[in-house]
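Engineer: Residues per chain are reported as follows:
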Amino acid sequence: MPLSSRIAADAAAAFLAAYQALPGVADEMRDANGAVRPVWQSFIHHVSSQSPDQLRHQIASADHYLRDAGVYYRQYGEGVSAEREWPLSHIPVLIDEADWERICAGLIQRANLLEAVVSDLYGQNNLAREGHLPASLIAASPEWLRPLVGVKPRGGHFLNFVAFEIGRGPDGEWWVLGDRTQAPSGVGFALQNRVATARAFADFYAGANVHRLAGFFRHFRDALNNMRHVETNRVSILTPGPMNETYFEHAYIARYLGFGLLEGEDLMVENGQLMVRTVAGPIPIDVLWRRLDASFTDPLELDARSKLGTPGLVGAVRQGNVTLVNALGSGILEIRALLAFLPRLCKHLLGEPLALPNIATWWCGHPAEAEHVRRNASRMMIGEALSTRLPFELDDHAMVGETPGASFDADLDARLRHAGANLVGQEVVTLSTTPALVDGVLLPRPMSLRAFLARTPDGWRVMPGGFARIGRSPDPTAIAMRRGGSAADVWIVSPRPVAQETMLAAPTGPFSRATPGTLPSRAADNLFWLGRYVERTEGHLRLLRALHLRLSENPTGTAPTVTLLRKALEERGLASQDLASQDLDTEEVVPEGLLLTIGSAINSAGKVRDRFSVDGWMALNDLAKTARRFAGHLTAGDDSARAMGVLLRKVSGFTGLVHENMYRFVGWRFMSIGRALERAQFMLDTISRMTSTTAPEGALDLAVEIADSAMTHRRRYTIATTRETVVDLLGLDSLNPRSVLYSANELHEHVGFLPGANIFGEMSPLARAVLKLQSSVAVQTPTTLDDATLATLREQASALSELLNSTYFR
Amino acid sequence: MLYDVTLRMAYRFGEHAAGGRQILRVTPPTVQDRQRVIACTLDFQPRPMERGDGRDFFGNVTVEAAYVNAWREIAFVVHARVSRMVETTGLDLSPRLDSLASAIERCRALGPRSPQHFTGRSIRIQADPAIAAFARDQITPDMTVVEAVSAVNVALFGELRFDADATDVNTPASVAFAHRHGVCQDFTHIMITALRAIGVPAGYVSGLLRTRPPEGSPRLEGADAMHAWVMAWCGEDLGWVEFDPTNGIIVANDHILVAIGRDYADVSPVTGVFKTTGAQSIEQAVDVIAL
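One line per chain: the protein sequences are U and H, in this order.
Take 1 as the starting number for the first sequence in our numbering and just add one per residue.
Take 811 as the starting number for the second sequence in our numbering and just add one per residue.
A few of these clues could be false.
Unchecked claim - Lysine to aspartate or glutamate pairs mimicking DMTMM-like chemistry, simulated, CA-CA at most 25 Å apart: (1) K152/U / E860/H; (2) K1085/H / D303/U; (3) K1085/H / D978/H; (4) K347/U / E173/U; (5) K152/U / D863/H; (6) K307/U / E860/H; (7) K1085/H / E270/U; (8) K772/U / E749/U; (9) K1085/H / E265/U; (10) K1085/H / D293/U; (11) K347/U / E915/H; (12) K152/U / D866/H; (13) K307/U / E825/H; (14) K1085/H / E802/U; (15) K307/U / D866/H; (16) K307/U / D978/H.
Simulated from the structure, these hints should not be mistaken for laboratory data.
Bound-form chain U, shown alone (with noise of 0.2 Å):
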């Protein structure tokens, strides 16, 4: 042996002398002899030759790159939810091509069993009529959904995208442990652990023959353009929205796909056509990629409790006018029951046997499985028949090796006597375990692997890796994220180099643009709402600056225009119990409503998240966290001022952002109309407030000195403030981006860019609103602006906004 490969070989045994294979257990890097299996041997060579320095600095890039493409999970507890940095287990897990070859027959072969299944369940209902199934276990499970008994679905498929969850036991060989063909999560988390993993390993990566995830993503978004019956339509995934756990990656792989994001809101139907609201009117959609459950899909037609889906969806299913993905009612296949049947039923539907077989699994509604189940209770998992949960998924229903859950019922005798249907025991699953870096120390970790299915008209192509997922501890139950459980690239490795795979196909043709998509209303509603509350934001914490610089200069705070910014704040919302009281010590600087405007914000952006970049989401946040731990923590006066101050500047921040980088498409307009609408309103008010003849001396100035303009007029009157040259700068002077003339000159020009804004030279009436408002403005002079043109102007503008939301977003 050459001295470099010894030198070599002795880094790794050194690297590796801490992982020691757990009793009783396989695991992915060693074999049963201990010794280091094949396709891992290089990978380990690799990472053991790093010095811990440089392994540190390779996973903190990973780390680097998931932060900055902002990936996350939502995680629910305690009632509340909070997003979570994503848990990346840099060490990725490696299987050889011939045995993922091996796999991919079993998991191809699984799958035409179950879309066999599923089309009986809803079609012929041989198999519970012959007896091949439970009647009673289909009739009792809320999955199969009777309005869909009868419906074919419209590409004559019930499956087209299906994950398995499967692993390996202790003899090495791999079982399926739960199938998920009702709306599969991970496949976009999968990818983003590739990008990840992939950066912390970049030099071993790129020559190690990993098989490449893109080309199945790119066979997969062909098969699913092409189940569209017009080409125009543009497919779209259907999300639950912002608050599922998994919504980062719906909004990621739709833009990674080139898919639309919708919601149940965004889509109506119509004469059995389903449609999405646009700001352009209705538009047909016949292909939807769902990841929202069925039966919250139709308040109508399944769960009338749902506030997710859309009225009429079930009628345009059965119409045959759409295709979801996977056809409704597939979720009765995730039922744990079903694998106690699964076994025989290939052998009856396919002719053969499983090829994968799926862990041991036995319903106790007949008495022979009850009592076989009774009699093994101690290396059972029971729990109840109709849950979809994976095995080592905890369940407070089940009971696992003698130790009841929370809510199980302990009477296990009775309840297999009388209502052994409702149970199902399965063996307590043992999983492999694969390397994970644990304080810069290799150590066995139990893992269990999603793999993805994606039909395509040549059948069904696998996806060369998956989703793993690695435990925080030896416990096997400790693998789901919330209980700390991280996630794993997966690799399979050939022995010969691999295709280089992109999602981009080769030009075909000369050069065409294409043209944006149509924005839903929703998103419309939600980016106006977006500009408007950050606009809004922004008027706050002027007058709150403006305030606590006068109480620096004058601590008692009786100056008038003290009192007139305090009532200006109080209109806003902005007031807190002491202000009244005046007591500068207890004042509460960051008031609740400013908080409360911010996180409106968030959560209109959060809502149209795929639309904007990452760096706007993070500012936005950056800005909400600032404010957040500035409140209780300034005290008035030149504290707070200089901390509004920096809000200010932080709001600048993810406007600049927002108007330097984003694409002038008609969401933009929205997002613009809605901060200029915003704008001309807040200096409506400032105007007639602070230039009215009631209002104290100094209050000019402090009107100057909110609109940020105290330089301009400086410069443009060399004279102190009087009310004309105030009226004239803030009010009508079209080159002063705070004026109100200019708001109005940019709704006007914004407006002019919507759908429908003009037809063959007629204006919509929201088109001549704008106009109006803008003529009105334009046409003053600082003497005909009074208070009572003034109050007409505020009028007309916050009219603009009910004629917006009556005009695009209904």
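Please build the complex by placing chain H on the supplied structure of chain U, with the hints as guidance.
Structural biologist: Relative to chain U, chain H alone:
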């Protein structure tokens, strides 16, 4: 027996008028050996933008209607002439209660009238220990299914007080039973819960009662609006038998069936929300005249 049936439902919305998409289950179907519909119309005021007629899983007649514009009032009227065949209620052909489970298991088909749909939980029916205990107190193991169901029916009629204002459409059976009061919907949900607890498949029937009783008979409760009662599966030979716990009787001549299902959620006369933020009121008028 021949009936002329009129059902009118009117929704009034306050300041904020409403539109939306609804599914109605308000027109009686022809059911073999039970009732025959001679003529039936359903009219809307105003006319909806879309209207589609169909059948649901349980064979109920559905009418889907969509309003695009907002209206202050939406009403519909059903006119039907229905001939009710009197079922023979002579022989008790039902098996003993303790052999019903195997009879259910023999029913493997999953058609709309299969007892398999009507056991265990459904959206509005959850197991309730108090109702189950009450049901068990009414029966002995040697009873036939019909005897057992009749016992529960009569016992509930005696136990529960009819109170038109005590509950609403969303009241769970357990709550209504705990207070021992309710309307026909509550009586029906409680009895379904009770029957399923003792292993008898039970479903929900919505329908109409004759409003003017024959001379000498008392007027039945529930005749001035849509009524509800129970259907119980009494074995392969007898099949489904209907019981009316609100009146403590086995259903005979006076009941016209409109829809069946596992519970109210399957048969509710109007599904779907009217999109409005304001108040709404519903008015119902029923007229069932024996010809």
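Engineer: For each hint, tell me whether it holds in the structure or not.
Structural biologist: Quick rundown of the hints versus the structure:
no.: 1; hint: K152/U / E860/H; result: 24 Å, holds
no.: 2; hint: K1085/H / D303/U; result: 17 Å, holds
no.: 3; hint: K1085/H / D978/H; result: 21 Å, holds
no.: 4; hint: K347/U / E173/U; result: 21 Å, holds
no.: 5; hint: K152/U / D863/H; result: 19 Å, holds
no.: 6; hint: K307/U / E860/H; result: 23 Å, holds
no.: 7; hint: K1085/H / E270/U; result: 16 Å, holds
no.: 8; hint: K772/U / E749/U; result: 13 Å, holds
no.: 9; hint: K1085/H / E265/U; result: 13 Å, holds
no.: 10; hint: K1085/H / D293/U; result: 24 Å, holds
no.: 11; hint: K347/U / E915/H; result: 24 Å, holds
no.: 12; hint: K152/U / D866/H; result: 16 Å, holds
no.: 13; hint: K307/U / E825/H; result: 24 Å, holds
no.: 14; hint: K1085/H / E802/U; result: 18 Å, holds
no.: 15; hint: K307/U / D866/H; result: 22 Å, holds
no.: 16; hint: K307/U / D978/H; result: 22 Å, holds
Hint check: no violations occur; every hint is consistent with the structure.
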